[in-house]
Every structure is written in structure tokens, then in C-alpha cells.
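Student: The lines below spell out each chain.
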Amino acid sequence: MIRRLSLCVTGLLVATGAGADWAINMPRGVTELSAETYDLHMMVFYWCVGIAIVVFGAMIFTLVRHRKSRGVTPAKFSHSMAAEVTWTIIPIIILLLMVVPAAETMIKIEDSREPGLTVVVTGYQWKWHYAYQGENVSYYSTLARASNEARHKGSGIDPGSVENYLLDVDNPLVVPRGTKVRLLLTSNDVVHSWWLPDLSIKKDAIPGFMNETWFQAEETGVFRGQCAELCGMDHGYMPIVVEVVEPDAFKAWMDSEREPPPADLTTSNAR
Amino acid sequence: MSTAVADAHIDEHHGPDKGIRRWLFATNHKDIGTMYLVFSLTMFFVGGTMAMVIRSELLTPGLQFVNPEFFNQMTTMHALVMIFGAIMPAFVGLANWMVPLMIGAPDMALPRMNNWSFWILPAAFTILLSTLFMPGGAPAGGWTMYPPLILQTGDAFPFLIFSIHLMGLSSIMGAINIIVTIINMRAPDMSLLKMPMFVWSWLITAYLLIAVMPVLAGAVTMLLTDQFFGTSFFLAAGGGDPVMYQHIFWFFGHPEVYIMILPAFGIVSEVIPTFARKPLFGHDSMVYALSAIAFLSFIVWAHHMFTVGMPLTGQLFFMFATMLIAVPTGVKIFNWTATMWRGAMTFETPMLFALAFLFLFSIGGFSGVMTAVVPADIQYQDSYFVVAHFHYVLVPGALFGILAAVYYWLPKWTGRMYNEKLGKLHFWLTTIFVNVTFFPMHFLGLAGMPRRIPDYATQFADFNFVASIGAFGFGLAQLLFVYVVVTCIRGRGEPATSTVWDNPKGLEWTVPSPAPYHTFETPPKIPSAQAFS
Numbered sequence: 001m002i003r004r005l006s007l008c009v010t011g012l013l014v015a016t017g018a019g020a021d022w023a024i025n026m027p028r029g030v031t032e033l034s035a036e037t038y039d040l041h042m043m044v045f046y047w048c049v050g051i052a053i054v055v056f057g058a059m060i061f062t063l064v065r066h067r068k069s070r071g072v073t074p075a076k077f078s079h080s081m082a083a084e085v086t087w088t089i090i091p092i093i094i095l096l097l098m099v100v101p102a103a104e105t106m107i108k109i110e111d112s113r114e115p116g117l118t119v120v121v122t123g124y125q126w127k128w129h130y131a132y133q134g135e136n137v138s139y140y141s142t143l144a145r146a147s148n149e150a151r152h153k154g155s156g157i158d159p160g161s162v163e164n165y166l167l168d169v170d171n172p173l174v175v176p177r178g179t180k181v182r183l184l185l186t187s188n189d190v191v192h193s194w195w196l197p198d199l200s201i202k203k204d205a206i207p208g209f210m211n212e213t214w215f216q217a218e219e220t221g222v223f224r225g226q227c228a229e230l231c232g233m234d235h236g237y238m239p240i241v242v243e244v245v246e247p248d249a250f251k252a253w254m255d256s257e258r259e260p261p262p263a264d265l266t267t268s269n270a271r
Numbered sequence: 001m002s003t004a005v006a007d008a009h010i011d012e013h014h015g016p017d018k019g020i021r022r023w024l025f026a027t028n029h030k031d032i033g034t035m036y037l038v039f040s041l042t043m044f045f046v047g048g049t050m051a052m053v054i055r056s057e058l059l060t061p062g063l064q065f066v067n068p069e070f071f072n073q074m075t076t077m078h079a080l081v082m083i084f085g086a087i088m089p090a091f092v093g094l095a096n097w098m099v100p101l102m103i104g105a106p107d108m109a110l111p112r113m114n115n116w117s118f119w120i121l122p123a124a125f126t127i128l129l130s131t132l133f134m135p136g137g138a139p140a141g142g143w144t145m146y147p148p149l150i151l152q153t154g155d156a157f158p159f160l161i162f163s164i165h166l167m168g169l170s171s172i173m174g175a176i177n178i179i180v181t182i183i184n185m186r187a188p189d190m191s192l193l194k195m196p197m198f199v200w201s202w203l204i205t206a207y208l209l210i211a212v213m214p215v216l217a218g219a220v221t222m223l224l225t226d227q228f229f230g231t232s233f234f235l236a237a238g239g240g241d242p243v244m245y246q247h248i249f250w251f252f253g254h255p256e257v258y259i260m261i262l263p264a265f266g267i268v269s270e271v272i273p274t275f276a277r278k279p280l281f282g283h284d285s286m287v288y289a290l291s292a293i294a295f296l297s298f299i300v301w302a303h304h305m306f307t308v309g310m311p312l313t314g315q316l317f318f319m320f321a322t323m324l325i326a327v328p329t330g331v332k333i334f335n336w337t338a339t340m341w342r343g344a345m346t347f348e349t350p351m352l353f354a355l356a357f358l359f360l361f362s363i364g365g366f367s368g369v370m371t372a373v374v375p376a377d378i379q380y381q382d383s384y385f386v387v388a389h390f391h392y393v394l395v396p397g398a399l400f401g402i403l404a405a406v407y408y409w410l411p412k413w414t415g416r417m418y419n420e421k422l423g424k425l426h427f428w429l430t431t432i433f434v435n436v437t438f439f440p441m442h443f444l445g446l447a448g449m450p451r452r453i454p455d456y457a458t459q460f461a462d463f464n465f466v467a468s469i470g471a472f473g474f475g476l477a478q479l480l481f482v483y484v485v486v487t488c489i490r491g492r493g494e495p496a497t498s499t500v501w502d503n504p505k506g507l508e509w510t511v512p513s514p515a516p517y518h519t520f521e522t523p524p525k526i527p528s529a530q531a532f533s
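Protein sequence lines correspond, in order, to chains A and B. Once you know that position 239 of the first sequence is 239 in this note's numbering, the rest is easy, because the numbers rise by one and skip nothing. Once you know that position 385 of the second sequence is 385 in this note's numbering, the rest is easy, because the numbers rise by one and skip nothing.
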């Protein structure tokens, strides 16, 4: 097991941020909070590795040394107050060391004040709907056609030949870089969950509830995620794609998307 | 008349009834324990077959064998069958067999209720499994049965609810029986703190069962009335609250996690001292740790729900409380290690499973601490990382505990030693494949693969392939287990002595092997050497 863990540690060191296949760690992401989350994740992981080395080390030592085949006579002791108090207190201290930085990050995560842009995200079986609040822009985002054709049983299409198989949509969510984007999440039917690992966001979209979260992407690019809460038959087929663009490009995109003032039904509903 | 009564009284000392009557009308704790264990093994293979379907479909990207609907039915049923059909009945079966033998009681306190609580189970699972053949198929909304999704279940829905009710009834009756037996029927000299750890772990587990099974029954009953009687407990459109269901469910669900692991703690605490030839380290603090875990299990439920949108204070509380559980759990791990320290260990199959439990359950514990850290858990939630985490605590945790117990007490039950070579082979195959199956799932989850999906993006292909191969190996290795057990039951193998192992402590080793149909008709005296603390 130590071997497994050490393999895993070296693997992590080698492959941090490495490419797609055999990826073994959480992405560091493109927001300040996703980086903080990643650091917390690694901090707890290293604590666990450290504890594992000590505890598993003691176990392996005793397994090697205190075996009957070496002709040892068993000791008789069956308790030690000092030892038991020690291994109650030390874990409490370690846990406090983990909890404090985690709480600091949690406070930041919950601070969704003064957003630069608000998007209402509505989950449907099985697609997402995005409505830019205060703008006449709203649309559905569904699984891209190429993936949809390949996904059925006996489709005869090799998933490997489809680019971004199951992680591509027709209309991605477009947001500007460096702007605080607030998401308001709800659902039209069952519980969904909007998960984008690179933004370190996972928030449930629940019928009758309006959940709130936010992100501020510091890099441009296309980032992919999926629905994370089982929502029925096609739960695996409602990906999430966010395209982070420069603010100017976002403005231009917004102008081209904006609908004429008398908005159609979907827009006014979603708003 | 009076002679007839007297005869009937003498007749009570006869052996078991012949044929089916022995099992159908069973009131003997050993027979009922056997039935529980056989039932559990059967369900283990039913649930295992479903796991094989899941892993076959996930072997490579694209859909090859099943449709998404059926895949979701498989994940849902796999969980329900394994939790309520395999793990829980196995522990109740072990309690039935061993608690009276370990406390010096002639039988369980309530033998007829014992019969009833077992025979409800086959009925419950017949109902549950029959839903696979109903219009709309089996339930596919996940074993957590979150509304509104679960209300989209087809004809299977009321059958699902009814079978859950039956399982709950069975568990509650079993728990009452175990508590009454332990409290009232201990040998005269056995004070509570002298009880063996397996008995202690079950006493606490039984209280947890009585506390939370009614909560589950209430939650699913509200689902039932929402579906059929026009209520809106969980329907937002009628003023209800879908998140409330999750709170109620996990108020049951988290203690349930400990219901499935505490008896395994008890088993490991029996096995390690025997093969280390040294008394259990810190017997009393082990009891306090069990109690602390049981108490904390009631105040951590919302850590399953960090993404539902809880207030910050709620998140902070549940993070702190969850982390606290690591303290008594750590005490147990350290105490087991201290039990082995300067002992004289041998490594028979039960000891091997107990040792693998120590290492691999700890890994599940580590990922448990990681999931307690809220910002990181937001990434882990509903990903394969969580799948890896709970399979590490349930398979090399709960299941390895059960396997250790079976190998440990099988000679006592059957009077035959199992084949040690085959037992060890079974151990190594199981342990290697369990890691091949579940370790890569950590990586998949961290890389972004959600759970409960029938197909996945191609970058997840490599580790899924590895996990599937491991799962097939794990499944096949269990056939070896059946062979080893059946060999003993059929009376092959070396006859076992009454102590079986090298001077083990405990009253169960003072009766012959196989244990006679009736044991401890008069309460035993506990030899001072048998004092446990």
C-alpha cells in the first residue's frame, strides 16, 4: 500500500497539470478560488500522505518484527494512558491546521457581492439554459451533434474519432475574462448540478430554489464540465462548456446575440 | 396431560427439525444466523452481477451493452442490494450466530421475532428485484431516491417504497432482538465493560438502527404520498422542499454508513488479538471511541450536501463535526496497531483480511478527511473520487470485516478447518483486485468524471479500462470463496478443535466445534483468564 501511495505521489509530481489521458489530479483551474481549492486539496493530501507514512510505517514495522516465526514471546501490556491521550490530541491539532485555511477559502467562495455580470442557469432534462440578466440574450445549450450521433448503442461511430466526445455543446456559455460572473442556478424539473472543474464550481440546480455562486476567470479559453447530479436517462449527456473571451470580444459577441426589444417567451420567462 | 407437557419439555432438547420446517419455522439463533449469511451471500452475487454489468459498459467509451435507462437501474439496484441485502444481513447473521455464544446465552432473547425479521428479507428482495421486469423497469433514480427524479419511476415506484419499508422493519426487529439479548442474557459475571468488542460494536450499531431506520421509513412514506395522495412534501410547485428530503435522507444515511462499519470494527478487534497473541489494546477506550463515532454520526449528515447551497455557518459546522470523526476513528486504528505491537503474530486468512482492513480502510478514511474540506469537496462531490472513497470503506472495510469473520468462525460453525492455501489465495486475489478496481477511480474523479454516467469522454478511457479489469477479477475471485466455504459445510477438511486457533479469548471457544445445536443452557462461569479488559 505504501508502494501504491508513493507511486501516486510521484505520479502526482510528474503529471501535475499534464495532458488528458492518465490524468490523475484535480486541475488547478483558471480562477483565484480554483487555485486556492487546488492548494487546499494538495495540503490535505500531503497531510494524509504524512500520516500514512507514520501509521503504515508503524504497522509494517510491527508486521515484520513481531511475528511468531521469529520466536518472539508476546508482551502482556493492554493499555497506556499516555499513548492514548497523545494519539487523541495530535489528530485534533492536525485537523485544526486543515480547518482554518479551508474556512478562509469558504468565506471567499460565499462572497458573491458586486458581480459584473449575472447569468441565470436553468437545468432541464437534459440540457442547460443560460439567460444573461439585464441583457436580451438567452439560449439553450445542448450536447453537440457529433457526440449525439456517436453516443447511441450501435451507432457505428468510434467515440475516439469525435472531438471532445460528450464534452461539447452547440452553444457554450460565453463570459468575459477578468469579470466577476455571478451564476443564479435553478431547475425546471429535477435536481441537476452545474460542475466546471476548471472554475472550481459545482452547484446544484434545484426546482423551486435559486442558488448562487460566482467565478472570475483569469485566462481565456474553452473549459468543459458536466452535470454532476443524477437527473435521469440522459444525465451523462448534458455537458457544460464555458468560453472565456477577452472583454472586447465578449462585447461584440453580446451585440451580435442581443435579440430585438420585444423579447420572445423563453427570454422573459427565464428572466 | 402433565406427562405430555413433561415429554414436550424434554423434547425441547432434541436436534433440529427435518427438512424445510427447520428453516421456515426456525427459532434457533444458529439456524437463523446461517440463513442470514446464506441470504447475504446470495445477494452479494446478485449485486455483484449488477456491478459486472456496470463495469462491462464502462470498459470502453461508447455504449456497447445496455441503454442509459438500464444502466441507471443497475447503479441504483446495485447499491440497494449491496447495502440492504448483502452487507447489513451479513452483520445481522454474524450477530445471531456469535452474540449468544460470546455472552454465554442459550439463544437470542426473542426467537420468534428473530424468525420473522429474517423471513421478511427474502420477501422484501423478491419485491425489489421483481421491479426489474416491470413496465418502466426498476428504480433508476439512485439509491438515495432524491425527489423529484425518483417520482419519475414507473410502475416500480410503490414496490420500491414497500420493499424499503420491509427492510426497515426487518432491521428494527433484528436490532431490538440484539439489544434485548445483550442487555438481559449475559453470563452472570460479564459486566458491560467485560463484553467482547464484537458484542459492544453490535450493541451500539443496534441503537443506531433503531434511531434511523424509522427516519428512512418516514422519508420514503412522504415520497409515496407525494406520488399518490396529492401531498407536496418535496415538490416545489406545491410549496414543498426537495432539499428537505436530502436532509432527512442523510440524517438516516450517515448513521447508516456507521451501521455498516461498526460491526466490522468489532470483528477486527476480535481477530487481531487472537493472531497477535496479545490482549486488545485499550479495551475501554475502544468502547468510548465506538460511542463517540455513533454520537458524531448524527451531526454530520449535511456533508453529503455541500453543493446544495447551505449557509456558510452550516457548512462550517458540518465541516468541523465531520473532521472530528477522524479522532475516535484514529484512536481505533492506533489501538489496533498497539495491539499488534510486540505481539507474536501469525498470518492465517482471518488475520490477513483484518490487516488489509487496517490499511485499506485507512485509505478510505484519508479520502474521508479530504472530502470534509468543503472547498475541495465541492470538486469531489458526485465525482468518481467519492465513488472510490465509499467503496474503499465499504469493500475493504465492511466486506473485508465480514470475510475475516467468516474465516475466523467458520471452523466453529462447521467443525471443519477451511483450506488455508485456498483461503490465502482468495485473500490475495481479492486484495489485489480491489485496489486495481477502486484506486484508479480516485484519479478519474479528480480529473473530472462524474459518477452515475453510462458513457464518458475519451480522456477517462484508460483508468476505466483498468478499473473494469480489476472488477472482473474481483468478481471471479469470490467464486473461490464460495468453494472454500461449501467445502467446509459439506464436512470436508480437517476436523476443528474447540479452540480452533492458538488459545483465543472468548466464550465461543469453550464450546465444541461445530457448536452444538443448543449451547449454554446453563450460564457459563467466566474463567479469570477470559477477562477481556
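Keep in mind that the hints were calculated from the coordinates and are not lab data. There may be inaccurate statements among the hints.
[Claimed, not checked] Keeping only pairs whose Cα atoms sit at most 16 angstroms apart, straight-line, the calculated EDC-like set for lysine to aspartate or glutamate is:
#1 251/A / 163/A
#2 153/A / 502/B
#3 68/A / 502/B
#4 180/A / 246/A
#5 180/A / 32/A
#6 180/A / 234/A
[Unchecked claim] Among the chain B residues that face chain A by a calculated CB cut under 7 angstroms, a handful are:
#7 135
#8 137
#9 149
#10 194
#11 233
#12 238
#13 344
#14 374
#15 382
#16 386
Positions of the beta carbon are idealized from the N, C-alpha and C atoms, including for glycine.
Student: Look at each hint and say if it fits the structure.
Tutor: Taking the hints in turn, this is what the structure says about them:
no. : hint          : in the structure
1   : 251/A / 163/A : 28 angstroms, violated
2   : 153/A / 502/B : 58 angstroms, violated
3   : 68/A / 502/B  : 11 angstroms, holds
4   : 180/A / 246/A : 13 angstroms, holds
5   : 180/A / 32/A  : 11 angstroms, holds
6   : 180/A / 234/A : 31 angstroms, violated
7   : 135           : 15 angstroms, violated
8   : 137           : 11 angstroms, violated
9   : 149           : 4 angstroms, holds
10  : 194           : 13 angstroms, violated
11  : 233           : 12 angstroms, violated
12  : 238           : 10 angstroms, violated
13  : 344           : 4 angstroms, holds
14  : 374           : 5 angstroms, holds
15  : 382           : 4 angstroms, holds
16  : 386           : 10 angstroms, violated
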